[in-house]
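There are 2 protein chains.
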Amino acid sequence: MTQLYGGIEAGGTKFVCAVGRGPDDIQAERRFATTTPGETIGQAIDFFREHGPVTAVGIASFGPVDPNPRSATFGYITTTPKPGWGNTNLGGMVSEGLDGIPFGFDTDVNGAALGEWRWGAAQGLDTFIYLTIGTGIGGGGLVNGRLPHGLIHPEMGHIRLPRDPQVDPYTGHCPYHGDCFEGLACGPAIGERWGQAADRLADDHPAWDLEAHYLALALVNFICTLSPQRIIMGGGVMEQKRLFPLVRQKVQGLLNGYVQSPKILQEIDSYIVPPGLGAYAGVLGAIALGQQVVRNYEL
Amino acid sequence: MTQLYGGIEAGGTKFVCAVGRGPDDIQAERRFATTTPGETIGQAIDFFREHGPVTAVGIASFGPVDPNPRSATFGYITTTPKPGWGNTNLGGMVSEGLDGIPFGFDTDVNGAALGEWRWGAAQGLDTFIYLTIGTGIGGGGLVNGRLPHGLIHPEMGHIRLPRDPQVDPYTGHCPYHGDCFEGLACGPAIGERWGQAADRLADDHPAWDLEAHYLALALVNFICTLSPQRIIMGGGVMEQKRLFPLVRQKVQGLLNGYVQSPKILQEIDSYIVPPGLGAYAGVLGAIALGQQVVRNYEL
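For the record, the sequence lines run as chains A and B. For the first sequence, position 258 (counting from the first letter as 1) is numbered 396 according to the working numbering, and the numbering increases by one without interruption. For the second sequence, position 20 (counting from the first letter as 1) is numbered 158 according to the working numbering, and the numbering increases by one without interruption.
The shape of chain A in the complex, shown without the other chains:
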C-alpha cells in the first residue's frame, strides 16, 4: 500500500489532478482550465513529475471516449464536439510524458462510480448506477462488478422520457435530441425553462417538483433496465438536497409496487443517495482507475 497513484478528472471545463492512495491520503492536488490538448495535458504531466513518481495514472474523462483496452484507439477522446479535442490520444500522451507508465482510462462517470465502489456509497455492491446531474447528465456504474462498456459506453443522459407539453412547454436543451433526459433536466435546462439560474430558485418554486419528476422517470427507466442495488446521484443540480426526498417519493409512485424489493418499498432513503465522496468522487475515481490497472479489484 505504499505506491502512489495519479488521477486525472478530465472535464471539458477543467482538469483536476491528484496524487495519492485514497480519500484519506491525497498528497497533492491541482486544478487548471481545459484549454488546448497540448497545453492542458502538458500541465498534467508537469504536476505528476513534480509530485510523483506515480506507479500508474487513471484518467476519468469527458467524452465520448474509447475505454476498450483491446481497441487501437484505447485512451482516446473520440468524437467530442469540444474544439481541438476530437480524436485526442489523452491516455497515450499522459503515459508517454511519464516514461510510459500504465494508465487506466474510462468515462468520467464510470471513474466516479469506481471511486464510490472503493471508498464511498457503493462499497460492497456489484451492480449500481452513478449519475451526475449538472451542466450535462451522465451515468456510469458497475454491472456484476465490472464497468459497463459494450459498443462504446453508456450515454445515460440521452434516454427519452415522457413530457406533457401542457405542464411543461419547454422543448429541451439537447442539441441532438431536444427533450431527452439531459435536455429536460440538466442545470442549463432548469435555467432556460424558468428564466433564472437553478441555484436562485426559491425552495418552494415549482421547478423543483418538475425537476424531481424528470429525475424520477429516468431512475425508473434505469431501475427497469439494469436493476441496480443502489443509485448514487451527484453533480451540481443534486447539491439542491431538497430534490432527494422528492425523487425518492416519485420513484416509488411511478414504480407503483411493481419491483417488489424492500430496498425500494421500505428502504428507499438508502437506495437513492448522494455520493459518499462528495465533490472528490471524480478525482478519487480516477485514482481508483489507476490502481485498477496494477491490482485487480474484480468481484
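Just so you know, the hints here were simulated from the structure itself, not pulled from any lab data.
If you want the ones that stay clear, here's a sample from chain B, every Cβ over 10 Å from chain A, calculated:
no.	residue
1	T140
2	G149
3	V154
4	D184
5	H189
6	V192
7	M231
8	A345
9	L348
10	G374
11	E377
12	K379
13	G416
14	A417
15	V431
What follows is a set of in silico ranges between Cβ atoms, one per label pair, in the way DEER data are often shown:
no.	chain 1	residue 1	chain 2	residue 2	range
16	B	E405	A	G374	29 to 39 Å
17	A	P221	B	E405	23 to 33 Å
18	A	Q398	B	Q261	26 to 36 Å
Only a predicted model underlies this, so the values are computations on that prediction, with no experimental measurement involved. All C-beta atoms in this analysis are idealised placements derived from N, C-alpha and C, irrespective of residue type, glycine included.
With the hints as your guide, set chain B onto chain A.
Just chain B now, with coordinates in the frame of chain A:
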C-alpha cells in the same frame, strides 16, 4: 460433450421441456399447459425421468424470479400475479424430483439471451440485449459476459416512454403503469388500440409505423443505458418482419448521429436482428443455463 442436459422454458401459459446438447442435438421435447405448480412441475420431472438421465437442468422462467444463487430463495418464482404460482420453489422442486441434480435458473429472457450467445445471433459478443415482444415485453442479455441480475433482475418492459396523446390516445395496457413500454407496444396493446388482433392488420396499416416508433424509442433508451453491441428482438409481435426495417430507420433517426459507431450509423441491419434460434431460443437457452451450472462459459 456426451452428457445430456435438460431445459425448461417455463412460461405462464405453457412449459416447454427438452433434453439435448444444443440446437443440432435435441433428443426429446414436450409441451404442456401451465396449470398448478404440483401438476406442471410433476409433468416436467416425468419427462426428464423418461428421456434422461440429465446431468443438470436449466430453467428459464416467467417471473418475477430469484436468480441469485447466494439467496435463500434462489430458484423461486416470487411475487407473480399468476394464481397459485407466487412463492413457488420451481428450481428446488425440479431438482428434488430428479435426485438432487444441479439446476441453473434465470428469467426467460436471460435464458434466451444465453442461448443466443452460445448458438445464435449473439455469438462472440459480451454485451447485448435480447428482447421479446409478445403478450408481454421482457428483456435480458449479457453485460461484460455476465447475465445481469442486480437488485432482482431487469424488467425492461416497464420503462416509461414518450406518448403524444394527439397521435395516440390509447392509454396503455399495463395494469401497473398504463402506458409504459409493455403497456404501449405488447401484442394485446396493438389489439386494443386498433380494435383487431395484430396479425390481422394489413401491411400498410398505420399500426406498424406506430409500433415501430415505440419499439425504436425503447431501443434508444436501452442503447443509451447499456451500450449493447447488438439487439435481438424476438416474440410473437416481431414475427411481423416488416417491423425490422422500420425500427432500424427510426432508431437512427432518434439517435440523430449521437452514438458515433459504424454498427449503428452504417451496419444497423446487423445491429438490430431477429433471434438466430427462432422459436427455439427459449428452451435452448434453458439447456444453456443447465450447461452453465456444470461448465463455465464466462468471458
